[in-house]
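Student: Chains as they are written, first to last, in the numbering used here: chain P, 217 to 518; chain G, 120 to 419.
Misleading hints may appear alongside valid ones.
[To be verified] Subject to a maximum C-alpha distance of 27 angstroms in a straight line, what follows is the list of computed DSSO-like cross-link-like pairs (lysine-lysine):
no.: 1; chain 1: G; residue 1: K303; chain 2: P; residue 2: K221
no.: 2; chain 1: G; residue 1: K147; chain 2: P; residue 2: K316
no.: 3; chain 1: G; residue 1: K333; chain 2: G; residue 2: K303
no.: 4; chain 1: P; residue 1: K256; chain 2: G; residue 2: K274
no.: 5; chain 1: P; residue 1: K316; chain 2: G; residue 2: K333
no.: 6; chain 1: G; residue 1: K363; chain 2: G; residue 2: K204
no.: 7; chain 1: G; residue 1: K204; chain 2: P; residue 2: K221
no.: 8; chain 1: G; residue 1: K274; chain 2: G; residue 2: K333
No lab work stands behind these hints, which were simulated from the structure alone.
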Amino acid sequence: MYKHKYRVIIPFLAPAIILYLVFVIYPYARSMYNSLTSWKGVSTNQPFVGLYNYQRMLNDELFWNALSHNIQYLIFIPLTTIALSLFLAFMINQQVRFSKFFRVTYFFPQVISIISIGVLWSYVYHPTIGILTSLLQFLRLEWFFQLLGFEGIPVWIGDPRTVRPAIGAVVVWQSVGFYMVLFLAAMEAIPQSFYEAAIIDGANRWHQFWNITLPLLWDTMQTALVFAGLGAFDMFAMTRVMVVSGSTTGRPADVLATYLYEQAFDVSRFGYATAIAVSLFLMVLLLSVFTMRITRREAVEY
Amino acid sequence: MTSKPMTAVTPVPAEKAPTRFWSAFSGKLVNTLIYLFLSLWALIVIFPMVWVVVTSFKTDQEIFFSPWLPPAQLMFDNFVRAWTKANIGLYLFNSLVVILPSIFFTLLFSAMAGYVLARFTFPGNRVIFYAFLGGMLFPVMLALVPLYFLLLSMKIIDSHFGLILVYIAYSLPFTVFFMTGFFKTLPGELLEAAIIDGANHYQLFFNIVLPLSKNGLVSMGIFNFLGMWNQYILPLVLLTTATKYVLSQGLAFLQHQQRYQSDWSGLFAAIVIVMVPTLIVYIIFQNQIQRGLTVGALKG
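Build the full structure now, drawing on both the sequences and the hints.
Tutor: Here you go:
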């Protein structure tokens with residue numbers, strides 16, 4: 217049937233494989249090696265230093281500072297985003313009117329580029345021209361922030377105490393629509409007869425959600441958790457754009473990605489930066505495997 | 120004392136009526152709450168965008184002193200400044216120059232590779248497939264430094280051509296994976312019939328397989344388009360001349376410049392120029408776009 221098949225196979229595979237080898241595989245492999253050198257980029261000589269970069273990383277306060285921020289994002293962003301999007305998806309799935317409108321609207325931030333969103337929100341947060349501060353003043357909410365220990369309404373991006381919550385909130389704002397569409401698609405695949413049977417048994421919507429929807433959504437939830445976790449380990453674009461050059465004292469907005477970028481392209485410590493990148497990769501990999509593991513359950517078939 | 124047997128009898132009717140009333144009432148209440156929550160989130164999503172659009176028509180004074188008021192006069196001049204002086208027009212052009220060929224060749228090369236991986240058996244088939252699959256595990260961050268020096272030594276650093284090659288290469292893993300899965304679902308008899316009719320493999324692929332795969336290609340086209348449109352770190356590292364910047368990079372550049380020369384109205388107009396066209400395209404093609412974007416979640 218397929219004679220001379222290699223005359224097809226080779227030319228069809230060649231462009232993809234060549235590009236992939238040169239621009240993807242080679243840089244990754246090279247990174248693994250570079251992380252063992254003290255390469256500064258200027259010279260072709262790359263002194264081999266073994267695990268020195270990794271050792272140095274463990275003693276680098278700024279590394280731990282950045283990592284701790286990633287971990288804070290990792291704890292708050294996935295949970296908030298998934299809870300909110302699941303909640304909204306479940307409500308839209310109640311055969312509400314205008315469901316199309318809500319669905320389209322919630323997805324809006326997903327199609328605008330992250331940079332536009334970052335710039336937009338950095339002005340929403342702006343203490344003088346932004347709308348958030350004046351809205352909170354209008355609602356007379358100063359007392360609330362005083363209770364939390366602020367002098368008045370915080371300056372959001374400019375305050376080391378509020379900069380990460382402010383950036384995290386934008387990420388949640390941006391990604392809720394995506395997860396909602398994901399959950400909604402999974403919810404619509406659940407046969408309506410399940411709910412009808414539950415209603416006959418007297419289950420209210422709350423019971424339906426906990427006993428039917430949620431268990432059948434487990435696979436999607438797992439995917440969503442891994443995705444949101446990966447996002448919390450990135451944060452590069454949003455941080456770079458919202459916190460101009462990240463030079464505030466104490467580096468309250470640093471994450472691993474911005475720190476390693478700075479080490480590589482601002483101060484030319486390429487070997488060290490690559491070591492940070494390799495450990496970032498290993499952490500992300502471990503996290504994904506770990507999430508898949510602990511959320512593994514008996515899949516509910518239907 | 121007599122009340123005791125009374126209560127033993129009455130509960131049945133006495134409890135039923137309030138329950139029905141209560142469930143009807145709580146049903147209404149729950150419905151109202153649902154609409155309230157849904158509308159509140161819609162407002163939170165839309166409001167900042169509307170604010171930017173309204174603000175983009177104001178003067179700098181109005182922006183500074185009355186953030187909540189509509190503009191006294193529509194300042195279309197802001198858009199002219201953003202387009203010409205702030206170079207948004209140029210950045211948009213650069214973005215399209217990079218993204219359109221990148222998408223075209225990503226789809227072509229991935230379809231070719233996916234077709235071969237899906238329909239031919241040969242030694243190494245699985246190895247190649249898994250090698251592409253493995254590429255999805257790695258964050259771009261990890262490749263950044265060697266990639267920069269690789270392009271430097273190939274003399275394609277700071278060029279749109281170099282960025283296009285990189286965009287294609289990094290879009291391949293998922294697109295090849297997706298297209299391979301897609302081609303496995305094509306009916307084999309149809310392709311065999313074409314071979315018997317004397318079509319060679321190239322005719323078969325371009326005249327029959329590709330047209331049949333339109334849905335998959337459109338999904339992948341949208342998915343990759345939005346990925347490249349959002350891409351920030353690759354152009355940031357690989358393009359250094361300001362006149363070559365792509366849109367995301369250019370907008371971030373303007374944002375950083377803003378600290379030294381305050382032209383808020385121009386910057387707001389720039390955000391609107393970047394934001395509104397994509398929203399319009401999205402509203403028109405919402406179904407395909409939602410599908411195309413969430414398809415990425417399959418790879419998890």
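Student: So, for every hint listed, does it hold in this structure?
Tutor: Hints versus structure:
Annotation: proposed proximity of K303(G) to K221(P) holds, straight-line Cα distance about 18 angstroms (limit 27 angstroms). Using a Cα cut-off of 27 angstroms, the hinted pair K147(G) and K316(P) holds, with the two alpha carbons roughly 21 angstroms apart. Only pairs whose Cα atoms come within 27 angstroms are accepted, and K333(G) paired with K303(G) is accepted, the gap being roughly 15 angstroms. Of the pairs offered as hints, the one joining K256(P) and K274(G) holds, with about 20 angstroms between alpha carbons and a cut-off of 27 angstroms not exceeded.
Taking the CA atoms of K316(P) and K333(G), the gap is about 26 angstroms. The hint holds against a cut of 27 angstroms. In summary, the hint linking K363(G) to K204(G) is supported, as the alpha carbons are separated by about 15 angstroms, within the 27 angstroms threshold. At roughly 56 angstroms between alpha-carbon atoms, K204(G) and K221(P) are farther apart than 27 angstroms, so this suggested pair is violated. Between the alpha carbons of K274(G) and K333(G) the distance comes to roughly 36 angstroms, so the proposed pair goes past 27 angstroms and is violated.
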